[in-house]
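Could you build all of it, start to finish, from the sequences and the hints given here?
Okay, here's what each chain looks like letter by letter:
Number of protein chains: 8
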Amino acid sequence: MAKIAILLGSDSDLPVLDKGFKIIEKLGLEFELRILSAHRTHDEVVEYIESLDSKGIDVVIAGAGKAAHLPGVIAALTVKPVIGLPIRASLDGVDALYSIVQMPGGIPVATVGINASDNAVLLAAEILSLKHPELVANLKQHRVEMKEAVLEKDRKVQAKYNK
Amino acid sequence: MAKIAILLGSDSDLPVLDKGFKIIEKLGLEFELRILSAHRTHDEVVEYIESLDSKGIDVVIAGAGKAAHLPGVIAALTVKPVIGLPIRASLDGVDALYSIVQMPGGIPVATVGINASDNAVLLAAEILSLKHPELVANLKQHRVEMKEAVLEKDRKVQAKYNK
Amino acid sequence: MAKIAILLGSDSDLPVLDKGFKIIEKLGLEFELRILSAHRTHDEVVEYIESLDSKGIDVVIAGAGKAAHLPGVIAALTVKPVIGLPIRASLDGVDALYSIVQMPGGIPVATVGINASDNAVLLAAEILSLKHPELVANLKQHRVEMKEAVLEKDRKVQAKYNK
Amino acid sequence: MAKIAILLGSDSDLPVLDKGFKIIEKLGLEFELRILSAHRTHDEVVEYIESLDSKGIDVVIAGAGKAAHLPGVIAALTVKPVIGLPIRASLDGVDALYSIVQMPGGIPVATVGINASDNAVLLAAEILSLKHPELVANLKQHRVEMKEAVLEKDRKVQAKYNK
Amino acid sequence: MAKIAILLGSDSDLPVLDKGFKIIEKLGLEFELRILSAHRTHDEVVEYIESLDSKGIDVVIAGAGKAAHLPGVIAALTVKPVIGLPIRASLDGVDALYSIVQMPGGIPVATVGINASDNAVLLAAEILSLKHPELVANLKQHRVEMKEAVLEKDRKVQAKYNK
Amino acid sequence: MAKIAILLGSDSDLPVLDKGFKIIEKLGLEFELRILSAHRTHDEVVEYIESLDSKGIDVVIAGAGKAAHLPGVIAALTVKPVIGLPIRASLDGVDALYSIVQMPGGIPVATVGINASDNAVLLAAEILSLKHPELVANLKQHRVEMKEAVLEKDRKVQAKYNK
Amino acid sequence: MAKIAILLGSDSDLPVLDKGFKIIEKLGLEFELRILSAHRTHDEVVEYIESLDSKGIDVVIAGAGKAAHLPGVIAALTVKPVIGLPIRASLDGVDALYSIVQMPGGIPVATVGINASDNAVLLAAEILSLKHPELVANLKQHRVEMKEAVLEKDRKVQAKYNK
Amino acid sequence: MAKIAILLGSDSDLPVLDKGFKIIEKLGLEFELRILSAHRTHDEVVEYIESLDSKGIDVVIAGAGKAAHLPGVIAALTVKPVIGLPIRASLDGVDALYSIVQMPGGIPVATVGINASDNAVLLAAEILSLKHPELVANLKQHRVEMKEAVLEKDRKVQAKYNK
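Here the protein sequences come in this chain order: A, B, C, D, E, F, G and H.
Convert by adding 382 to the 1-based position in the first sequence; the result is the number in our numbering.
Convert by adding 382 to the 1-based position in the second sequence; the result is the number in our numbering.
Convert by adding 382 to the 1-based position in the third sequence; the result is the number in our numbering.
Convert by adding 382 to the 1-based position in the fourth sequence; the result is the number in our numbering.
Convert by adding 382 to the 1-based position in the fifth sequence; the result is the number in our numbering.
Convert by adding 382 to the 1-based position in the sixth sequence; the result is the number in our numbering.
Convert by adding 382 to the 1-based position in the seventh sequence; the result is the number in our numbering.
Convert by adding 382 to the 1-based position in the eighth sequence; the result is the number in our numbering.
Careful: at least some of the hints might be erroneous.
Stated by the list, open to error - Restricting the straight-line Cα-Cα distance to at most 25 Å, the calculated cross-link-like pairs of lysine-lysine (DSS-like) are:
#, chain 1, residue 1, chain 2, residue 2
1, A, K385, B, K522
2, A, K385, G, K542
3, B, K538, H, K404
4, A, K542, C, K404
5, E, K404, E, K385
6, D, K542, B, K385
7, A, K437, B, K522
8, E, K542, G, K408
9, D, K437, C, K513
10, F, K545, D, K437
Please keep in mind that the hints were generated in silico from the structure rather than gathered at the bench.
As structure tokens, this is what we get:
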């Protein structure tokens with residue numbers, strides 16, 4: 383079954399994952415969640431990333447705030463795709479965004495929007511679908527539902543405002 | 383063979399791809415390059431994205447500058463992973479970065495650094511390696527070579543500066 | 383009668399329209415409001431924009447936050463004037479502003495201030511006044527009333543503070 | 383015939399208009415160009431804006447850099463649509479952009495991108511097309527040509543890069 | 383007696399003046415306060431600025447938010463010193479700051495910090511002291527009191543924290 | 383005769399003063415120029431500022447780049463008006479602007495635009511005109527000439543572009 | 383015993399020190415706290431900095447907000463290491479950060495993150511450990527405890543989320 | 383003898399060190415220079431940092447651009463003071479500054495200005511002077527020379543400009 387690893391730099395960032403957990407459930411993904419700091423627990427990060435193959439995990443989401451090094455540090459440890467999730471902890475999240483997306487040449491991090499854990503999980507699923515083609519249907523179904531949700535809101539608004 | 387699609391919003395952005403082309407060659411990837419504008423040639427974008435399956439292309443790199451909509455527009459057309467490459471055309475590239483990375487919930491774009499076509503291609507290869515495991519060795523070899531290049535520079539600098 | 387189309391990317395942005403609705407009422411405009419996403423419901427956006435002629439609608443206001451593509455996507459579908467309303471959802475609205483105002487050459491979006499739905503509607507009315515000259519008097523009357531409101535406040539402040 | 387007024391705060395900004403002049407010629411517009419400063423020649427600005435009706439001019443483009451007040455000052459003098467063109471003279475043009483787009487409620491300025499004189503003229507033409515419907519065909523033709531230009535570049539790039 | 387004119391673009395900005403009013407009282411200044419908009423009530427602004435000489439007012443404080451044109455518009459009407467007070471209404475006040483401080487060459491505005499009405503009044507008093515030398519003693523006395531206030535806080539903190 | 387003191391943090395900033403020197407000459411001002419660093423030569427700054435009274439100098443222009451402390455340090459040493467001139471040496475001059483304009487309450491600095499030495503001198507002259515009323519005529523004459531210069535450019539542009 | 387001096391520009395910034403005080407206690411440091419303004423009480427700052435040698439204090443932490451000159455002013459008075467602590471009082475703390483970190487060549491300030499008093503104290507202790515080697519063990523112990531705290535959180539999160 | 387370690391993320395950043403090398407020579411410091419990437423050569427970074435004690439090196443300068451992780455990664459490996467040198471490679475160096483200075487609580491980096499290698503070395507020497515008190519005289523002498531250099535420039539400027 384398709385499984386993703388999620389690493390956060392701090393457990394205070396857990397609420398940011400709420401939107402992501404909903405997508406995980408909707409798409410029927412498995413996940414492992416770890417709280418590990420790039421700087422304070424580097425060895426555990428290394429150990430965990432090295433264990434991914436044996437666990438059948440092919441994509442990593444890493445979220446951090448401020449000078450957010452965790453996604454880049456993980457990306458340097460693996461050639462599996464690493465998704466960087468900038469978390470707003472200061473400076474409106476711009477410091478985290480720059481610290482993640484502006485990685486030097488050679489070590490890419492697939493960065494999503496500030497606090498956008500839903501998009502991080504969706505991107506993970508899109509990537510996993512290369513190996514788990516059954517996810518494609520789920521992803522397309524989610525798109526259909528999102529579209530339906532917009533259209534439903536549109537109908538309500540039209541009923542209220544348009545004569 | 384592993385193949386990526388690259389779409390640019392303008393042919394004036396072609397030089398930005400130079401670093402990416404080198405990685406493509408090094409990793410032995412195939413690619414298709416298109417110049418298509420999200421706004422001026424939307425139909426052609428749709429048509430091309432719909433053709434990806436038949437061409438065996440599983441990942442898209444889309445680069446654009448200013449109010450860079452191309453990556454997001456493509457991401458809305460497919461559940462394949464789309465890599466957004468912000469191109470510096472004004473405001474130091476911050477406008478392109480925000481227009482790409484801050485996508486609304488539901489339509490993720492895997493954003494890399496400003497003008498970082500090398501990282502865009504490497505990320506594409508990492509993603510493709512889920513389906514084309516033979517890429518893993520190439521990616522790891524590239525890491526080894528990058529490391530060697532750094533160590534070679536380090537040796538030269540040490541020889542010159544450290545007694 | 384002069385009529386404007388208003389499209390929002392999300393119904394959570396509806397409160398931003400409050401100031402705009404007041405101007406609509408004051409100026410005696412008609413409007414249609416749609417909740418449509420550039421990415422999730424592109425077909426409906428196309429269909430709606432193509433229907434504008436038959437409805438006698440000559441100007442569109444499009445509001446969105448974050449990587450706000452809706453105004454630009456609409457502008458690419460029509461040569462009618464499209465007014466872009468950046469909505470503050472993150473980064474103080476700067477991401478939305480850049481994603482709207484920095485459109486590439488060829489597809490202009492008439493951008494107003496962040497969350498400034500009143501100015502969006504006033505601009506729509508000014509544009510419509512080219513075809514509906516009866517709006518000119520209403521617009522001028524609104525300017526007179528704004529001036530009166532400032533002067534009234536000025537009188538109160540003068541009475542309180544100036545001896 | 384459809385005619386636009388263009389006001390610049392300084393003649394040193396004239397080169398910024400080059401892209402705009404090309405669109406003017408392509409669309410067959412007439413224009414009047416004035417160099418007038420909001421602060422140094424306020425009376426002349428007032429006088430000129432008051433003359434627009436008699437000249438059959440229904441839309442104004444105003445460009446300025448730095449603390450760019452000219453577009454807002456003009457917008458306060460008329461209920462005709464005023465297009466603001468932020469010009470890059472310092473701070474990458476962000477100061478001009480903010481000084482133009484963030485107008486207080488009641489006095490809208492239709493702002494285009496930094497140095498985007500082409501989009502300023504296209505927007506002017508779109509607005510004028512409400513009164514001069516013959517412009518619609520020209521605007522649509524320009525879109526067709528832009529599309530053709532992109533496709534031509536795309537063909538060249540495909541011929542060179544795609545096997 | 384030394385007198386200053388204070389103009390605000392909107393009465394909603396009155397609370398920003400609180401710190402300034404305290405300095406006015408402390409220094410024994412007179413003032414006139416007006417709520418006048420650069421755009422909505424330009425004639426009244428002109429009329430008021432032209433009346434300053436007859437009222438013996440030699441310095442003007444002008445405060446405004448967003449695209450804050452009021453200080454620059456006033457500065458264009460007089461060669462008396464005009465102090466610009468950027469007010470935080472959006473974008474953390476950066477839009478107001480840029481719209482005030484980045485005035486084009488020829489029309490200076492003496493800009494103080496965002497929402498810093500105390501410094502605006504102190505600067506006004508420093509300027510007026512050239513003509514009203516009796517203010518110098520008050521200004522120096524205020525500096526002495528500020529110093530005393532800091533030292534008093536320092537003593538309390540030392541008593542509490544330092545053994 | 384009206385005299386201003388100009389202090390720069392570094393002689394490498396001298397070219398920034400060119401526009402200011404022209405205004406000095408035009409208005410018939412006297413000046414003293416010093417290169418003094420707030421940090422390296424604090425004593426000399428103190429000594430010089432204390433000498434201003436004896437020299438009949440009533441206003442100071444202080445220019446510096448980066449973390450520009452010189453204007454604030456001087457403002458803390460005197461209750462004479464101090465004009466802060468932010469100089470672009472890094473970060474487009476935003477660091478210097480913030481370091482000068484955002485002074486804490488109690489010590490105002492009259493800040494002008496980045497590199498705007500002309501406006502610094504004009505503001506100095508406006509302030510000095512409270513004590514040297516003969517400057518008023520010169521300042522008004524300069525405004526007249528600036529207006530004439532704009533109108534002359536306007537005539538040339540009209541002759542070239544307007545039929 | 384190892385002792386640090388802490389200077390704040392205002393007692394309203396005291397709460398920012400809370401995290402720092404905890405580190406001080408944990409590491410068994412001594413400290414002196416002063417509230418002194420670079421501008422209002424320059425003499426007292428000079429006097430205090432000159433007293434450091436006699437008190438056996440070898441490192442200074444200086445915190446301030448807005449145009450934060452205190453750290454730089456202190457750094458100019460001593461060749462002891464000065465740690466700058468930017469405090470968020472406006473503009474998200476960016477003005478304080480730039481005013482502290484962008485010091486001109488010759489007078490360095492060791493800048494830590496916005497409001498990061500914990501890191502300021504840790505850096506002070508790291509510096510002091512050159513002279514007080516007994517601090518090394520405490521610093522290493524703190525790292526061990528931080529690591530343990532992360533791992534404890536990690537265990538809890540794993541127990542809750544990972545099957 | 384007092385010795386510092388300097389690590390750069392890339393040899394293309396070597397020219398940034400020029401100003402720092404001059405200070406090293408002036409102060410009579412020893413140094414070791416390494417080109418090591420936090421991400422590509424993490425093991426070598428660890429190995430080198432672990433060797434510092436045996437080499438008698440007590441302070442590290444680490445410079446990097448873009449998403450500059452090197453200083454923070456090193457700071458996590460040692461409780462010796464680590465000086466972060468943000469290097470301008472994109473976004474005017476703001477990305478590097480944020481990635482270095484905004485470190486999470488527990489792992490401080492002593493950050494200096496963008497490209498300010500001179501201040502990095504001076505800060506290193508100030509720190510080393512706690513253990514090598516003979517450096518104090520050199521540092522004070524450098525201050526004296528800097529002061530002399532300013533005064534010499536001041537004399538030249540006075541001779542030229544002041545009558």
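**Asked** Which of the numbered hints are not met once you compare them with the structure shown?
**Response** Violated: none.
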